[in-house]
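With chain U's structure known, arrange chain G on it following the hints.
Residue numbers (my numbering), protein chains in the order written: chain U, 170 to 533; chain G, 8 to 311.
The set of hints was computed from the structure by calculation and includes no laboratory data.
Here are the simulated SDA-like pairs of lysine to any residue, each with C-alpha atoms no more than 20 Å apart in a straight line:
1) U:Lys278 x G:Ile12
2) U:Lys254 x G:Arg156
3) U:Lys278 x U:Asp257
4) U:Lys278 x G:Glu150
5) U:Lys254 x G:Ile12
6) U:Lys518 x U:Val420
7) U:Lys254 x G:Val275
8) U:Lys254 x G:Asn152
9) U:Lys222 x G:Tyr281
10) U:Lys254 x G:Met8
11) U:Lys278 x G:Leu151
12) U:Lys518 x U:Gly423
13) U:Lys195 x G:Phe274
Listed next, the stretches of chain G that the computed footprint assigns to chain U, with coverage defined by at least 3 CB atoms under 8 Å from CB atoms of chain U:
14) 119–128
15) 222–229
Backbone N, C-alpha and C define an ideal beta-carbon position, used for all residues, glycine too.
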Amino acid sequence: MKKLIVLITLLFSVLAAFAADKPVIKVGVVVPLSGNMAFLGENARSGMLLRKKEMSANTHFDYQLIFEDDEFVPAKTNMAVRKLKALDNIDVLVTLWANSYDVAMPLIKGSHIVHMSPECWANPTGYPYDFVLGGACDDYASMMANALNALHAKKIAVFSSQASYNTLFHKALSQKLEKMKITIADFHMTNSETRDFRTYALKLEEIKPDILVVTAGVPMAEIALRQMHQIGYHPLVAGGTADFLDINHEVTDGGFYVLTIPTTDAFEKKFQSAYKHSSVYPAANAYDTLSVLINACEQLPGKSKPSAEAISNQLRKTQEFSGAMGNTSFTAPNKLSCPLAYYLIQDGKSKVVTLDELVKFYNK
Amino acid sequence: MDYVISIITTIGVYAIMALSLNLLIGYTGLLSLAHVAFFGIGAYSVAIATANPDLLATLSKFGLPYPGWQPGFGAGLMLGLEVTTAISLVVGAIMNRFSGDIYCIATLGIGIIAHTFFLNATSITQGPLGIAGVVPPTVCGIELNDPARYMVFVWMCVTVVWAACLAITRTPFGRILNSIREDELTIRLFGYYTPAFKLMVFIMSAWMATFAGGLFACHLQFVDPTSFLTSEIIFVVTMVILGGLASHRGAFLGAIVMVMLPEALRFVGARPEYAAQLRQILFGIALVSLMIFRPQGLLGKFKM
Chain U
170 MKKLIVLITL LFSVLAAFAA DKPVIKVGVV VPLSGNMAFL GENARSGMLL
220 RKKEMSANTH FDYQLIFEDD EFVPAKTNMA VRKLKALDNI DVLVTLWANS
270 YDVAMPLIKG SHIVHMSPEC WANPTGYPYD FVLGGACDDY ASMMANALNA
320 LHAKKIAVFS SQASYNTLFH KALSQKLEKM KITIADFHMT NSETRDFRTY
370 ALKLEEIKPD ILVVTAGVPM AEIALRQMHQ IGYHPLVAGG TADFLDINHE
420 VTDGGFYVLT IPTTDAFEKK FQSAYKHSSV YPAANAYDTL SVLINACEQL
470 PGKSKPSAEA ISNQLRKTQE FSGAMGNTSF TAPNKLSCPL AYYLIQDGKS
520 KVVTLDELVK FYNK
Chain G
8 MDYVISIITT IGVYAIMALS LNLLIGYTGL LSLAHVAFFG IGAYSVAIAT
58 ANPDLLATLS KFGLPYPGWQ PGFGAGLMLG LEVTTAISLV VGAIMNRFSG
108 DIYCIATLGI GIIAHTFFLN ATSITQGPLG IAGVVPPTVC GIELNDPARY
158 MVFVWMCVTV VWAACLAITR TPFGRILNSI REDELTIRLF GYYTPAFKLM
208 VFIMSAWMAT FAGGLFACHL QFVDPTSFLT SEIIFVVTMV ILGGLASHRG
258 AFLGAIVMVM LPEALRFVGA RPEYAAQLRQ ILFGIALVSL MIFRPQGLLG
308 KFKM
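Extracted from the complex, chain U is given alone in its bound form (with noise of 0.2 Å):
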């Protein structure tokens, strides 16, 4: 009996040893956890767990997500890269923004590391493992331009922020529009302290511009939107960022904005109910980035670990790739865009429409 029994285990031991654990992609992501931007950093993590969640048992891989935080700092975001590559030895990183992406470059380079970076508006630098994802700043003040060009906008005036998304959007409008021979008539920069506009309403009042460009966030757009109301001045606005969400549709009431495509009802669902609210703006995003990942992965033999050039590769054959933010694919090397639509805000609602739908509206 007990030989039976020590042949049994021996036997069960052997079977174990030839059951192949599946191979670990390990995935490092820095977000910022705490701080000022800590309600972006968990939405985009609440995205990516979501679909980690979701993920069937029969694939060729295992995905461990380790999170790291940085604060929105970038001694910080230096620190969480290096402990990620040292310690964790991961095999991709996720960084959110461009100026995560731009602390982790110099750290992955030469590392064999796939860098992928949703929500980053730069573009992707010359090392082969290197995928940005999201919308670009030239294709949105694209949009933009041809909106004011199409509504015949002749002179503008632009409320903004200091934000790196800010400075590269005002920068490839300028261009545009000078190309358009529409003139920017004023450029009004705030800073988050700022809360007395109504010397700046009544500066545009003067000058009259056909739009008001706006892509400060709030409370300073909101504040300052209404303040121009009180002096009974009423500006046909146009957001360029997904800042201009967040101002009461009050205020922005006939006014339009670009931005990504709604993200679908489906994933909204599911987030909503796997976290109990609705999601925000990188959640769809670092969600979609996940997927292309897994997506691309799991077309490669699962015998072991792929390196990073086999996933790359296989990353860049994404061809529109449907996920929570529409239809994902490459628009230039390395580079994957969601498509942008123009919103329009009409009784206090957004709603999605074409160029020839807005130009219609504002000519009636």
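Quick look at chain G alone, frame taken from chain U:
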């Protein structure tokens, strides 16, 4: 290993900042919050010199940093030191009119002005976009783009700064600084013109902060205004107070604790949903506890 080396390098950079600020706060009794400005000037100067040679060429038309420059760390550091000297001369002379809380608030204003400049002077600093591609220096033909070599270089610089601080504080000049801290009026009655001493130590301390900024830029290889918020100077002042006022070893220890503690807390093993917040809470508790049980700091000689 790269991670550990990075922590040691960061400790070195902040040790220089802490040593420089300790000269003012610990030895002279001047609670200055302006050093983030000089830290930023050093970082941006080196960043411009290594990553934006066109801008450096433009500045050379004004004679900055010096004739016959070559773009690189040396030129950047020289540019930073020149700008810091000019600014600290003016700021230091004005600040000499203040003392105590007013001095602290006035210097805080300098820090805020500096951050606003870094954020808005887009033609020089590229504003919120920051300057990427900062290249570590080449010293005596040795390229320091390897983390280990750069760490050794930083700690050689720390040694030089420490030696300078020792030289300042162990001389009659240092004794006068201590006297200013204890009772400025009495030392003036002995015939010492204290504003001159305060100005000299302010400038020397600003130079060291500029030097630390240059090393910081090369370590991160990226510079942007978020690295020079008021929270950064609060971080360094905390190092000085935690380590102990008027103690160079205390400044070192403060830098080690303040850099290592948040990193050590990454390994606490908390659930991911609240790991980040728990780190912040534990960090705060650790600091408060230290101040309760050791208000003079770890190696300090007297309380703030």
